[in-house]
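Keeping their order, the protein sequence lines are chains A and B. Start counting the first sequence at 1; every next residue gets the next number (our numbering). Start counting the second sequence at 1; every next residue gets the next number (our numbering).
No wet-lab data here; the hints were simulated from the structure. It is possible that some hints are incorrect.
[What the hints assert, rightly or not] Straight-line distance between alpha carbons at most 30 Å, and here's what the computed DSS-like set of lysine-lysine pairs gives:
| no. | chain 1 | residue 1 | chain 2 | residue 2 |
| --- | --- | --- | --- | --- |
| 1 | A | K49 | B | K216 |
| 2 | B | K234 | A | K49 |
| 3 | A | K296 | A | K217 |
| 4 | A | K193 | B | K216 |
| 5 | B | K210 | B | K173 |
| 6 | A | K217 | B | K234 |
| 7 | B | K213 | A | K193 |
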Amino acid sequence: MGELRLMKGNEALAEAAIRAGMDAYFGYPITPQSEVLEYLTREGYNRTKCTILQAESEIASINMVYGAAGAGARVMTSSSSPGISLMQEGLSYIAGAELPCLVVNINRGGPGLGTIQPSQGDYFQSVKGGGHGDYRLIVLAPATVQEMADFVEEGWDLADKYRNPVMMLSDGALGQMMEKVELREQRDRTARKAPEWATTGKPVERDRNFITSLFIKPEEMEQVNLHLQEKYRTIEANEIRVQEMDTEDADFIIVAYGLSARIGHKVMEIMRAEGVKVGLIRPITLWPYPYATIAKAAEHVKGFLSLELNAGQMVEDVRLAVNGRCPVGHYGRMGGIIPSPEEVVEVLKDMYSKIQ
Amino acid sequence: MENSMHEVEHHYDEMSVVCERPSTLLDARMHYCPGCGHGVAHRILMEAIEELGIQEQTVGVAPVGCSVFAYHYMNVDMQEAAHGRATAVATGIKRCLPDKYVYTYQGDGDLAAIGTGETVHTVNRGENILIVFINNAIYGMTGGQMAPTTLLEQKTSTTPYGRESSFMGNPLKITELLAQLPGAFYVTRQAVNTPVNVRRAKKALLNALKYQKLNKGTCMVEIVSNCPTNWGMKPVEANEWLVENMLPYYPLGDMKVPSKEDIENA
Ligand SMILES: Cc1ncc(C[n+]2csc(CCOP(=O)(O)OP(=O)(O)O)c2C)c(N)n1
Ligand code: SF4
Ligand SMILES: [Mg+2]
Chain A
1 MGELRLMKGN
11 EALAEAAIRA
21 GMDAYFGYPI
31 TPQSEVLEYL
41 TREGYNRTKC
51 TILQAESEIA
61 SINMVYGAAG
71 AGARVMTSSS
81 SPGISLMQEG
91 LSYIAGAELP
101 CLVVNINRGG
111 PGLGTIQPSQ
121 GDYFQSVKGG
131 GHGDYRLIVL
141 APATVQEMAD
151 FVEEGWDLAD
161 KYRNPVMMLS
171 DGALGQMMEK
181 VELREQRDRT
191 ARKAPEWATT
201 GKPVERDRNF
211 ITSLFIKPEE
221 MEQVNLHLQE
231 KYRTIEANEI
241 RVQEMDTEDA
251 DFIIVAYGLS
261 ARIGHKVMEI
271 MRAEGVKVGL
281 IRPITLWPYP
291 YATIAKAAEH
301 VKGFLSLELN
311 AGQMVEDVRL
321 AVNGRCPVGH
331 YGRMGGIIPS
341 PEEVVEVLKD
351 MYSKIQ
Chain B
1 MENSMHEVEH
11 HYDEMSVVCE
21 RPSTLLDARM
31 HYCPGCGHGV
41 AHRILMEAIE
51 ELGIQEQTVG
61 VAPVGCSVFA
71 YHYMNVDMQE
81 AAHGRATAVA
91 TGIKRCLPDK
101 YVYTYQGDGD
111 LAAIGTGETV
121 HTVNRGENIL
131 IVFINNAIYG
141 MTGGQMAPTT
151 LLEQKTSTTP
161 YGRESSFMGN
171 PLKITELLAQ
181 LPGAFYVTRQ
191 AVNTPVNVRR
201 AKKALLNALK
211 YQKLNKGTCM
221 VEIVSNCPTN
231 WGMKPVEANE
241 WLVENMLPYY
251 PLGDMKVPSK
261 EDIENA
């Protein structure tokens, strides 16, 4: 059993990053995730001599991440929605140059400057691209403070395994709420060796390494794209993570991730107590997406409800998976409003009565 | 014809090699236009790295601009940065590899327009890197648009009637501006239009790289360069235009030099 602590999601994330052997963090303050930078400036260097730097902007942060990742470091940045928008060009470059890193989005309500309250309005941006070109981020969606801590090291391991940027898509509620968290052991960050492709200075015996996403000849650029697509297919085959709750006997399924999944779980309990067999599918990886799990459930349920803190984004993927086999509804609140389970129960009952 | 070829070869055999490609420069054909300053600047930077024997400890950052392919010519580990972000990328590298020599190589659009924020803050933090700044008063790569450093009245594809200050602002002396920052350790402006200037510019690069080991702050070497293609001139004309127009506004020389104590106390 690891060390137990009561922590805010943002602090658990920062603590987990130190323990996972982070070499560098670059970030810029923005609510509701500034605690990450604050915690790390307080604890990071003192504990493991890692680099913690407050950058002048999120554009600078993500490009510092690019440099550090290219130099072989285990590196992270975190921000919230407007800041993540600023990082999109950099993320596309990082994906194009195949650099491993972890980017955390503590999603707040938008569009524009929006609100500092929680939201899941950045689903499209995270899983469908956001930046330019055909690339993918591996997207992990924690639903607890524990997962915010665990997904740090797991995210980096995935990033290293596939030389691909990983995004943790959390939200302002999970970042701010306090829960019990079991922390992992401190890793020796000096034990991790820089990968052989990293720009660490060219010894005489090897050719120079260079990190680039530029392939000016179309034939070459196409090959790079084909290689990326092949990698993405491998990730889709191996890395889908999903949690199913009471789906075997379910007549109706709620699909929800992160904070919404917690609400969905409560809704499920209320409905089951009233005799309606509701199940829950919680995608943990938002890309790669658990289409097959949903498709399989679609063979025996009467309908799905995609519960999200947005105007209906993930519901498009649920519909793709269901492929017309049964009705798919969406319920969401926006602007930082979190629906109560009772409110969702009403929506679900209404939908359920219509499809009976 | 055959005879003369033979003679040339014979003659060559008897010559001793006085000038070789430095080992730090790859045997690749550069894509730069004839007479372009980029090629010379690449060469002297790589000569400096070779002479200091630091090829194995050096990591470079290429910009977006005509020198975007610098990593095809420079035989050191390199990263290609997004447009304007070279010094942020270099910061990421240097903070993780503090014992390495890290440099950026950037054009005026890259460093002084889209990347101004990164440039100012990198120098303000006093990152221990070398910034090589190629000022050719134009956007070479994209076909000759106005740069922040474009001179007043200079015609470019986006200032077809000449740059006018009330409308397009004034040519930005970013190097002077950066020299004001406490984080800057050594700031100088050089050129590569004549053999003497080439030698001076190389000396400046040598010094800047040596200073990097002192961990005293950012070194910046601006190189006033040309763009015969987009200036619409022959190489020789371009260098004449450079002397007559660029150098009066961008005078050559040191803007900030380390004091003796700076160097001794390091
Ligand atoms: C975000 C972004 N905006 C614009 C461009 C297009 N672009 C490429 S190079 C360049 C200007 C380069 O000029 P400079 O930095 O002076 O370099 P030079 O080619 O003159 O050496 C521009 C605008 C780009 N690649 N990326
Ligand atoms: S366009 Fe101008 S800067 Fe670019 S290579 Fe040609 S001469 Fe040099
Ligand atoms: Mg230029």
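Numbered hints the structure breaks, given as an ascending list:
2 and 3
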